[in-house]
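Colleague: Sequence:
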Amino acid sequence: MKTLAKWSIDEYHRMIQAGVLCDRNVELLEGEIIEMSPETPIHYNTAKRGSKYLEELLANQAEVRFNGPITLANSEPEPDIAIARLPDSTYNNRHPKPEDIFWLIEVANTSLKNNKPAKSDFKVILN
106 MKTLAKWSID EYHRMIQAGV LCDRNVELLE GEIIEMSPET PIHYNTAKRG
156 SKYLEELLAN QAEVRFNGPI TLANSEPEPD IAIARLPDST YNNRHPKPED
206 IFWLIEVANT SLKNNKPAKS DFKVILN
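Take the sequence shown: its letters are residues 106 to 232, numbered as in our numbering.
Derived from the structure by calculation, the hints contain no laboratory data. Glycine residues also receive a C-beta, built at the ideal position from the N, C-alpha and C atoms. Please note that the accuracy of each hint is not assured.
[Claimed, not checked] Mimicking PhoX-like on lysine-lysine, the simulated pairs with C-alpha atoms at most 25 Å apart in a straight line are:
(1) Lys107 - Lys202
(2) Lys153 - Lys202
(3) Lys202 - Lys157
[To be verified] Using C-beta positions, here's what the derived DEER-type ranges look like:
(4) Thr195 - Lys153: 19 to 25 Å
(5) Pro192 - Leu162: 14 to 20 Å
(6) Ile210 - Ile121: 20 to 26 Å
(7) Ala164 - Lys111: 38 to 44 Å
(8) Tyr158 - Ala123: 22 to 28 Å
(9) Ser142 - Arg119: 36 to 42 Å
(10) Gly124 - Leu191: 18 to 24 Å
(11) Glu144 - Ile121: 29 to 35 Å
(12) Ser113 - Asn150: 33 to 39 Å
(13) Asn165 - Lys202: 28 to 34 Å
(14) Gly155 - Arg190: 16 to 22 Å
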């Protein structure tokens, strides 16, 4: 039986600060450092258009974050779009936490099967 080491948020942040993960496209999901799938043009453009639309719709009401990390108890995923509380200066020294987040959006097509169950559980974690 294999036992995988689980990483804490603090350990993950120390690896980022030390440059260990600087050339890797990864996120922390449930204590595991996971390689993120490359984005297709349609995925990126759909998320970007959605982000721009929401920025206009929610101007001065919420922070619309595009492809940025959020911090959960044992995960630091990078949803395509996160709608968080203002002011945006709150996030100069930390990422949004569950109490800051109104809404998460994950654009998916073929990657939907790859993102389950880990990312599908975030809606439960945030409630």
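Colleague: List in ascending order the numbers of the hints, as given earlier, that are violated by the structure.
Modeller: Of the numbered hints, 1, 8, 9, 10, 11 and 13 do not hold.
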